[in-house]
Amino acid sequence: MGVGIEVHGLNAWYGKNLALNSIDMSVPANHVTAVIGPSGCGKSTFVRCLNRMHETIPEAYAEGSVKVGEMDVYGSGSDPVEVRRRIGMVFQKPNPFPTMSIYGNVAAGLKLNGFRNRKQMDELVERSLRLAALWDEVKDNLHKKSGASLSGGQQQRLCIARALAVEPEVLLMDEPASALDPISTSKIEELIFQLKQHYTVVIVTHNMQQAARVAELTGFFLMGSLIEYDKTEKIFTTPADKRTEDYVTGRFG
Amino acid sequence: MDQGATAFAILAAILVLVPLLAIFAYLVIKGIGSVNLAFLTQTPKPPGEAGGGMANAIVGTGLILAIASVFGVPLGIGSGIYLAEYGRNRFGDFIRFTADVLNGVPSIVIGIAVYSLIVVRQKHFSAFSGGVALGIMMIPTIARATEEMLLMVPNVVREAAYGLGIPKWRTTLSISLRTASAGVITGCMLAFARVAGETAPLLFTAFGNQFWNLKLNQPTAALSLQVFTYAISPYDEWHKQAWAGALILIVMIVGAVAAVRLTTRGSLKGA
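Listed in order, the protein sequences are those of chains L and V.
The working numbering numbers the first residue of the first sequence as 1 and each following residue consecutively.
The working numbering numbers the first residue of the second sequence as 1 and each following residue consecutively.
If we strip away everything but chain V, and leave its shape as in the complex, we get (with noise of 0.2 angstroms):
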């Protein structure tokens, strides 16, 4: 029974790892060809003509990724900070409920909301309005974990802080946050991972652009936008590099967990 058991959670993983790794591969044999120099560099071309590149949507990826951290990563952390030391209430259970809600939102809802709330007002696409998409998509993951993890905190290490004469928000910020960190690293970086991939909340926000742009308040290229467009397109080579262009927002994907996980482990013995 025991055996079974073990084998059956050994299967149950390596079945996990398929998928995740075919489609790896398949990205990497379809998408390797097409990353050069000049991809990860140059602009696009227009349609027919060879060459031409991504930059300007990895670029625009990244800024919009950065926008979308500002704004929910701290509302994430701290609504989860509500949740757990304060929201022992209707209150807080009507938060709860909101974020399990809005968790469940189609993601296109929330980029319409957004188009309506601030693309209509501004009168323009901008780079800024779909940093706040999938910062709004990214805080109901990030709020829920953070609730999770300080709720695991023992209830005796803050008693410890406040034995210790350290007010309570210090106590929260300092001792429970920090002892809960590893948790809520983790909640952040799916959640950053999530939306990382996300194109239909950009659809109506961000909008795309074959051109570079910085500013935050012009449409902004996104990989996903791009690989969407080139990918529905009837031109053969744009096919290739919506390949590419997927392969390299895994890779960045991956890249960004893997430097935030390096940078934030604890180099405490025993810990």
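Chain L with its partners taken away, still in its complex shape (with noise of 0.2 angstroms):
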């Protein structure tokens, strides 16, 4: 089951340039959040703040609250390693291991933090891939082929499977369809609606559309500030900030 994200006063920061000022945000579980906003506005470095990736780049760094489920993120005792861990994470461009079979792509989480157990890992690639609708695609050719030679969209079904098998309990997705043919496109949005069923889902996305077709809330962001978060209905149809209405209308982004 999902889990509902509370973040409280998040700053991040690249070196000396604020990237997110002040982000309050309330993420209920087992919903499918969109993120929008102009290039460079803050939401990609959101969600890595989400799951402590942001701090992986180098000079960056960020604080504040957020708390996932029982979970606090940026507490004195909290883990980077645990916390990406519980909460997985899809990104733009599809990334498989390029050495690694289909199966060894969906087991790496689990067979690199120390899972042995054949029976059970078997079970549970066959359950993402199952999860990622990519199962039938692929379960004739599990070990022999690699990730890395399927197609695109094919490959961003894998990543989400592989980010499925550790069992988080929040899934993050950065642009996960920006570089995909419409087809794929519309695969991986199916995905997220299925998806929500066990996750809580925050996507990123540039295509107001796909926010519009996936998400039950939006929120938008603009320099590096969240100016407004409500039901996506009410985002597109009658924003209440000025700014938000320019950009879902196309004046501007």
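Hints are supplied without guarantee of correctness; some may be wrong.
Unchecked claim - Only part of the chain L face toward chain V is listed, based on derived beta-carbon distances under 7 angstroms:
1) Ile57
2) Ser78
3) Asn95
4) Pro98
5) Thr99
6) Gly109
7) Leu112
8) Arg116
9) Val166
What the hints assert, rightly or not - With a cut-off of at most 30 angstroms between alpha-carbon atoms, the simulated DSSO-like pairs for lysine-lysine come out as follows:
10) L:Lys16 with V:Lys215
11) L:Lys67 with V:Lys123
12) V:Lys168 with L:Lys93
13) L:Lys111 with V:Lys240
14) L:Lys119 with V:Lys168
15) L:Lys145 with V:Lys168
16) L:Lys144 with V:Lys168
It is worth saying that the hints were derived from the structure and are not from the lab.
Ideal placement from N, C-alpha and C gives every residue a C-beta, glycine not left out.
Combine the two chains into a complex, taking the hints into account.
Written out as structure tokens, the structure reads:
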């Protein structure tokens, strides 16, 4: 089951540049929440702060409070490795491990975290590939084909399966369909819709139609601030803020 | 223009092949006549006596190279990992500079350095000191190759691993190094092949031996040393055996490189 996310006073920096300015946001469990905004508004930085991926970039750091379920992400005893295991992430460009088979890719997170039970691993791999709607296309070549030999859309679903295999509570998606063709995109969107039964999903997207199609809630970011956060329908039809309206009606961005 | 460039590239490739094949062919012509069972299984006979072989030197070369690899490969790969994954700082620059300088140090100087560090202290020549000398020579090549290959691994691959909650050390060893493995192995084989034929660093370390030795702390024969000794000797029989020794050395190097290539080749389609 998914868990909710509570963000309070989150600031993020790249060196001396403030990229996120005091963000407060409450993401409900088992919903899809979209994060939209023009390039450079901080939306990717925001989701990367939720699982402490932000700080893997040299000189980048964040402070504030992020609670994912019971877990205090930026608490003093918090381990970024453990945080990332419980909050899965799918990236903009499909990034399968190039020297690993399809099976190896999905099992990587389990194996490299010391999981040894072969039978259980087989089950988790199958379950994850089914959840990612890729099982039927790859089940005959699990060990023979490399992850990199799949098409772009399949690779992205493989990456989703890989993230799901470690059984996270939240799934972050950073423009997961922006490098894909329309058919692959619609498959990923369908998938996102299915995934919210089991997970809390936060998706960054450039594509406002996509946000409208998949998300119940949408947050609009501009220049490092969260301008407006509401039901998706409200954001796209009767936004409260003039800047949100200008953006969603295509006047800038 | 395009055709001209292609033609030039093909010509250059052929010209590179010529000396390589010529050397090999000449070695075969000169050496094959002296390669026989006795050569491969017996130790040297005193000068003037016919027969005998270089079996002890063949085994000695294998022993010294094994020591060199045990010593040079982990240290080389380890420092390459440091340079690529942690070395974006002044200490990293210093290591990089040192490695490049070490790469240019004449091999005889390395032999003398190991002589004074190990041989003088232990008070005798040894297979171990020869292996250490060759191992030191392997390190800079392997370190720089490992660094360059790791830097070619796209950062999104590392991010994918971090995103799964895999710790950095695990990511480096099981993801980045694995992705770069083909290039790293090539670097190791280049370093191995380069030191396998070295003579100078062994002169004051392994020293050479006319008899069998499998002890790490005793002087040991090596093919390169044996070839050197025989080639400058006044005996015809030894000259022939020197050619045969050189041929065996080349075959051993090519064999080792080919064996490593075959056993580490990936079995995945489309990888």
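Now for the hints, and whether the structure bears them out:
{"no.": "1", "hint": "Ile57", "in the structure": "9 angstroms, violated"}
{"no.": "2", "hint": "Ser78", "in the structure": "13 angstroms, violated"}
{"no.": "3", "hint": "Asn95", "in the structure": "4 angstroms, holds"}
{"no.": "4", "hint": "Pro98", "in the structure": "6 angstroms, holds"}
{"no.": "5", "hint": "Thr99", "in the structure": "5 angstroms, holds"}
{"no.": "6", "hint": "Gly109", "in the structure": "4 angstroms, holds"}
{"no.": "7", "hint": "Leu112", "in the structure": "5 angstroms, holds"}
{"no.": "8", "hint": "Arg116", "in the structure": "15 angstroms, violated"}
{"no.": "9", "hint": "Val166", "in the structure": "6 angstroms, holds"}
{"no.": "10", "hint": "L:Lys16 with V:Lys215", "in the structure": "61 angstroms, violated"}
{"no.": "11", "hint": "L:Lys67 with V:Lys123", "in the structure": "66 angstroms, violated"}
{"no.": "12", "hint": "V:Lys168 with L:Lys93", "in the structure": "21 angstroms, holds"}
{"no.": "13", "hint": "L:Lys111 with V:Lys240", "in the structure": "56 angstroms, violated"}
{"no.": "14", "hint": "L:Lys119 with V:Lys168", "in the structure": "27 angstroms, holds"}
{"no.": "15", "hint": "L:Lys145 with V:Lys168", "in the structure": "27 angstroms, holds"}
{"no.": "16", "hint": "L:Lys144 with V:Lys168", "in the structure": "28 angstroms, holds"}
Taken one by one, the earlier hints fail for this structure at numbers 1, 2, 8, 10, 11, 13, listed in ascending order.
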